[in-house]
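Working from the sequences, and respecting the hints, build out all of it.
Residue numbers (the numbering used here), protein chains in the order written: chain A, 1 to 358; chain B, 1 to 317; chain C, 1 to 443; chain D, 1 to 275.
The set of hints was computed from the structure by calculation and includes no laboratory data.
Treat the hints with care, as some may be off.
Unchecked claim - Label-pair ranges, simulated between beta-carbon atoms:
no.	chain 1	residue 1	chain 2	residue 2	range
1	A	Pro-99	D	Met-91	46 to 54 Å
2	B	Leu-78	A	Arg-127	46 to 54 Å
3	A	Ser-96	C	Lys-123	21 to 29 Å
4	A	Ala-313	B	Val-173	39 to 47 Å
Just so it is clear, CB atoms sit at the ideal spot from N, CA and C, and this is done for glycine as well.
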Amino acid sequence: MFYREAGQFKTSYKADQALFPILQDRIGIAAILLIAFVVIPAFANDFFLTSIMIPFLIFALAAIGLNVLTGYCGQLSLGTGAFMGVGAYAAYKLTSIFPDANVIVMVLVSGVFSAAIGAVFGLPSLRIKGLYLAVTTLAAQFFLEWCFIRIPWLYNYNSSGAIEVPRREMFGFIVTGAEALPITRYFVVLCITAGIAYLMANVLRGRIGRSWMMIRDMDIAAELMGVRPLQTKLMAFAVSSYICGVAGAMMVFFWLNAAEPSSYSIRLSFQILFMVILGGLGSLGGAFMGAAFIWILPVLLKFVPGALGIDIAAETVEHATFMIVGALIIFFLIVEPHGFARLWQIAKQKLRVWPFPY
Amino acid sequence: MLYDIFIDPFVQMYDMPDFFLQVLWEGFVAGILYALIALGFVLIFKASGVFNFAQGIMVVFAGLTLVGLHENGVPAYLALILTIGVMAVLAYGVERIVMRPLVNQPEIILLMATIGLTYFLVGFGEFVFGGEPKQMITEELGLPTGSTAFEIGERGLIILQHIDIAAAVIAVVMVIALAIFFNKTRIGRALRAVADDHQAALSVGISLNQIWAIVWFAAGLVALATGIMWGARSDVSFALEIVAFKALPVLILGGFTSIPGAIVGGLIIGFGEKIGELYWGGLVGGGVESWLAYIIALIFLLFRPQGLFGERIIERI
Amino acid sequence: MKDFKQLALGTAVALGVGLTGLMTPAAQAQDSNYVPLLTYRTGPYAGSGIHIANGMHDYLKMLNERDGGIGGVRLELEECETGYNAQKGVECYEATKGKGALVYNPYSTGITLQLIPKAGVDKIPVLSMGYGLSAAADGNVFPWVFNVPDTYWDGASVVIKYIGEQEGGLENLKGKKIGYLFLDAGYGREPIPLLEQLAEKYGFELLQYPVPGAEMQNQSSQWLNVRRDRPDYMVMWGWGAMNPTAVKEAVKIRFPMDKFIGVWWSAGDDDAAAGGEGAKGYKAMNFSGVGSDFPALADIQKHVIDPGLSSTDADTIGGTLYNRGVLNSVIIAEGIRTAQELTGKKVITGEDMRMGLEALNLDEARLEELGLKGFAHPMKVTCEDHAGSHPVFIQQWDGKKWQQASNWIEPMTDIVRPLLEAAAKDYAEKNAPWPARTEPCPN
Amino acid sequence: MNAFVADKALTPAEADGSGEPETLLRVDNVSLAFGGVKAITDISFDIRKGEIRAIIGPNGAGKTSMLNVINGFYHPQEGTITWRGTVRRKMKPYEAASQGIARTFQNVALFKGMTTLDNIMSGRSLKMHRNFFWQVLWRGPAEREEIEHRKKVEEIIDFLEIQAIRKTPVGRLPYGLQKRVELGRALAMEPELLLLDEPMAGMNLEEKEDMSRFIIDVNQEFGTTIALIEHDMGVVMDLSDRVVVLDYGKKIADGPPEEVQASQAVIDAYLGVSH
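In structure tokens, the structure reads:
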């Protein structure tokens with residue numbers, strides 16, 4: 001009823017291959033962009049921007065990165081946290097080596113370093129598959145984490161052992177450092193995330209995206225169709241790590257302001273993996289939905305009782321959060337193993353036939 | 001530099017044989033503990049194809065329950081029995097609430113579900129027993145606590161902790177008990193049948209649900225034993241969960257479905273890690289233990305993707 | 001299954017609704033002083049964090065119950081759980097700063113580092129008592145950060161000085177081997193430059209034993225190394241589950257416990273108790289009182305614990321970390337009191353609080369007034385020196401509880417101070433343009 | 001339709017109708033073993049350009065292994081394979097694909113998570129060349145290339161009469177249609193040699209007729225050489241020009257259908273005379 005593609009005819013392959021071929025989807029995406037670019041900046045307070053929107057967008061980007069690798073190319077990785085760390089440390093080094101360069105360019109360039117590292121740790125994927133590969137990516141996770149601590153050059157020999165973000169300006173706005181306004185940082189993060197998401201949507205609907213999915217769905221058949229497995233997998237590792245690296249760099253530059261190696265620990269890897277799985281493997285929209293769920297739900301659980309005047313001890317809330325998040329993860333996996341993306345499709349289906357059940 | 005890498009470590013081993021033996025012993029004990037955690041993984045993977053990430057937290061949870069009950073005035077042995085009961089309830093609950101609805105899902109979904117279970121157990125365990133680390137009730141359980149020192153020659157000294165010896169003995173007993181269980185009992189045979197082929201097992205009237213509940217319970221028992229041993233070495237706290245990751249490289253070496261593989265893999269990782277850290281770790285500033293095991297496993301995999309005891313994989317289409 | 005799906009969709013919708021609710025936080029009442037407490041009672045460091053959190057909470061709560069707050073204004077306390085996690089720390093900060101927070105005590109080096117640059121912007125001081133960034137002691141560079149009574153470099157110099165005393169003079173350290181066991185993170189690495197400098201100066205050999213965070217409970221390699229290297233003394237910079245494990249391992253290899261000295265964060269009662277009988281003799285630095293024999297602690301018992309206003313386990317009162325938390329709250333309370341005196345206001349702001357902390361002068365008489373005679377060394381903050389390099393004592397575990405084992409030992413200020421200033425300068429340069437101090441000095 | 005009947009001009013030998021047609025692929029004395037188990041023993045045969053060659057034999061005869069050897073998935077321990085007159089070195093499956101060998105699989109090996117359209121588009125992978133940079137931008141060259149190949153894919157979709165399921169994920173299709181999509185995917189590669197592994201297994205009579213028609217059309221209209229494995233003897237005898245019969249990894253007969261049908265060895269193999 002509300003969501004109907006009947007009557008929308010495509011007259012060219014070009015129109016048929018558009019990202020959002022259906023009118024309602026185009027309206028929907030326009031509405032989301034309007035909310036993101038206009039409504040939220042106009043009405044949100046600092047807490048909403050810094051503690052909800054900025055991390056949500058950064059995590060969504062990281063989830064897109066991991067989704068490229070796991071959701072589209074079928075290579076399970078538990079090293080996301082470390083690849084994000086590579087991006088963060090690379091961006092930090094770049095900004096201190098080139099203090100006058102544009103910080104956003106540096107953040108985008110930093111991804112190149114994590115792409116290279118990611119490709120190196122992707123090499124075993126030619127011989128190792130599935131859960132075995134997942135365990136070998138743990139090698140990347142723990143080894144890189146160790147490097148972040150042990151190579152003082154990476155953190156400019158700071159006595160604190162952490163990386164701290166200096167103040168940088170762009171077009172007269174302070175974009176990084178403590179003085180940067182949440183709204184400025186929000187716009188930077190939003191533009192980068194939305195931009196990369198759009199570019200990835202392009203890659204995923206073309207030849208390269210298809211070759212990743214071929215490897216995922218049936219690697220042997222893909223090879224017999226002329227897809228070079230190593231090249232294709234390494235490219236997925238590199239692209240995925242690039243995106244994760246940019247997300248990691250944004251995490252420290254536009255959100256946390258300072259980071260220790262433990263900020264990029266195995267827990268972060270799991271966090272991102274959850275977002276990808278719950279959002280839906282192989283779905284860009286799912287990455288956003290998964291990030292929203294995994295990041296925002298605990299924040300809500302933590303602060304909403306207080307805001308409503310319900311007095312619960314802080315640690316009880318934390319314990320309850322763990323239990324609820326854990327239980328909901330299992331619940332959603334049982335209900336719909338294909339994640340929120342599939343739930344969304346079901347919802348669309350319902351809207352299409354409404355008010356009839358079928 | 002080359003000398004430091006290729007010669008000096010061996011010179012050291014030769015110069016201080018007592019110390020080398022001590023290193024081997026520590027490696028052995030660590031290996032046994034890794035193997036015990038890996039054993040829990042293997043049991044569940046064999047029977048249900050689930051890669052149970054929650055095994056680490058089950059170790060903590062079991063230890064915490066035991067100590068927590070004791071702190072609340074339950075006598076040690078009764079607490080032990082009650083904890084076994086709790087693990088049985090947990091196994092039944094997991095089978096009923098998590099495994100059964102998720103049957104036939106891809107392995108990554110099952111993996112995620114066990115991580116979800118991990119979150120839940122972390123919250124639940126802390127909620128019930130509090131987050132502060134607890135001391136294992138080693139003595140109350142009648143486990144030995146002292147140590148024996150062997151003095152060799154002038155300066156030679158080897159110290160063996162009694163608890164470590166007990167850990168080794170208990171591990172061996174558990175493995176033997178499991179072997180007997182698998183080979184001699186009806187349920188054990190059913191379990192092996194399930195491991196071979198779910199469909200075929202179903203068709204000859206084996207209840208998968210029952211088998212799953214049993215393996216989760218068995219894994220829970222292994223977790224309890226691990227929790228007691230590791231708790232006695234440091235203490236029972238949620239930081240232990242991370243140590244449990246070490247079981248993963250062990251599994252890679254031993255294969256996901258092989259019980260002897262878990263033991264041998266555990267020992268290789270245990271020895272490799274200690275020897276690597278003590279004789280070569282210093283070259284890069286030490287603390288390499290956090291990743292050495294994974295790198296060993298990774299290199300190993302590149303040469304033998306099927307694991308130590310796995311059969312050569314023939315790809316078919 | 002279909003119902004499940006509807007339920008799932010419903011959950012998603014509810015999530016969205018709740019989200020919009022968060023966009024408008026409740027306004028804060030203006031008749032109280034708001035003190036957020038960033039604590040952690042969960043996660044791998046909960047073992048240490050719980051006692052600190054209890055101590056901090058109970059003392060401030062006691063002031064509310066006994067005196068009706070400070071200067072007649074009640075304190076509004078809010079705990080926010082960080083789990084020692086940097087992400088959650090920032091979240092707690094953002095959630096509470098808008099409510100008129102007076103001061104932050106992050107109890108995590110990682111969170112402290114994140115807050116340091118924000119403090120000056122949001123005009124809320126950071127009080128990292130005996131942790132955090134050592135360089136922050138330079139008040140001219142870091143007007144908004146306070147790390148009384150000591151920095152880690154002070155602590156490291158005290159340890160060496162103490163070891164020198166044991167050996168009959170610092171000159172006797174020549175040729176000795178001192179092992180340094182530390183959590184392999186910024187926290188544990190910070191003292192290394194100072195220790196290296198002292199090693200060079202006094203001719204002892206410094207052996208380093210890093211413990212990776214993930215391996216806190218798996219230290220047998222480190223201690224095997226210790227056995228091989230046979231250091232004369234061991235110094236430890238540990239936290240959370242690392243401490244009890246280290247003590248146990250030391251007992252295991254039969255290291256002489258009276259030559260094993262922990263930093264003040266390795267001084268918990270549980271840490272030492274884990275080693276059982278064998279841990280007898282283990283030493284640690286401390287700057288807060290030992291035991292519960294202080295009138296203020298009795299007041300806590302009377303006004304907070306007995307009426308059931310706290311989750312503190314009564315027999316942990318007087319434990320080292322509990323007392324540490326109490327001392328932290330004493331400094332907060334005195335900061336507020338001083339700020340009230342300086343400004344004449346009752347309800348103060350973060351900026352007033354900064355003045356109050358900078359003018360803090362906790363002398364002998366004041367401590368006695370507070371019912372805390374001998375609980376801490378008198379401490380004074382100046383505009384230049386936000387740590388103060390106050391004396392520290394060594395305590396020793398007698399198998400049951402801690403006993404004071406030395407007099408107050410002055411840090412080697414002459415060595416530490418230049419290092420601090422250089423580090424502060426370095427920080428400001430690396431984070432250029434770092435704002436120059438414009439805040440007035442209340443002294 | 002002529003869009004993908006490219007360079008299929010008849011060879012001179014075929015054109016003047018004299019002599020033997022060109023040999024596309026030759027298998028000489030090939031043996032393959034897994035561990036101790038011999039899957040193929042000393043087999044030789046050839047595939048001529050433009051013919052339909054059938055490989056038959058009882059279960060476990062080594063037919064699929066033979067196809068796997070031909071497209072480089074298994075490497076024989078002994079023997080050589082000659083492709084268009086050159087002896088082939090040990091190579092990877094994707095190299096076989098780029099030389100023009102396409103195949104379908106015994107158990108449908110479609111990309112389950114992708115739609116019919118994407119599956120067939122995946123057959124065009126080797127023909128598409130826009131690199132990552134253009135792909136990211138999409139507008140311009142990458143989009144043009146995509147549309148150009150989409151047209152060819154749509155031609156295949158028309159040919160196979162599967163327009164209605166264009167946007168359906170293949171996992172949801174019935175078995176018969178999946179087989180058809182798989183054929184479409186192989187055709188999209190515009191192969192020289194098409195290997196079909198039991199294209200009609202599990203089909204009903206009607207579906208088999210459709211599939212037979214497609215195979216003949218492919219062979220005749222596009223001139224594609226086809227080697228197929230099939231159990232349905234009726235189909236094999238009708239379709240194929242020549243038949244090679246395997247049993248226990250050995251070749252027991254080779255020749256035109258009638259000849260093979262009459263061979264005593266073949267009859268024994270199928271009726272199960274003990275060895």
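Distance restraint hint 39 to 47 Å, applied to the beta-carbon atoms of A:Ala-313 and B:Val-173: Hint holds: Cβ distance 43 Å, inside 39 to 47 Å.
Range agreement (Cβ of C:Lys-123 with Cβ of A:Ser-96, hint 21 to 29 Å): holds, 28 Å
Supplied distance hint 46 to 54 Å, evaluated on CB atoms of A:Pro-99 and D:Met-91: Taking Cβ atoms as reference, A:Pro-99 and D:Met-91 lie about 52 Å apart, which means the hint holds.
Hint check for A:Arg-127 and B:Leu-78 - Cβ pair distance inside 46 to 54 Å: holds, 51 Å
In summary, this structure violates none of the numbered hints.
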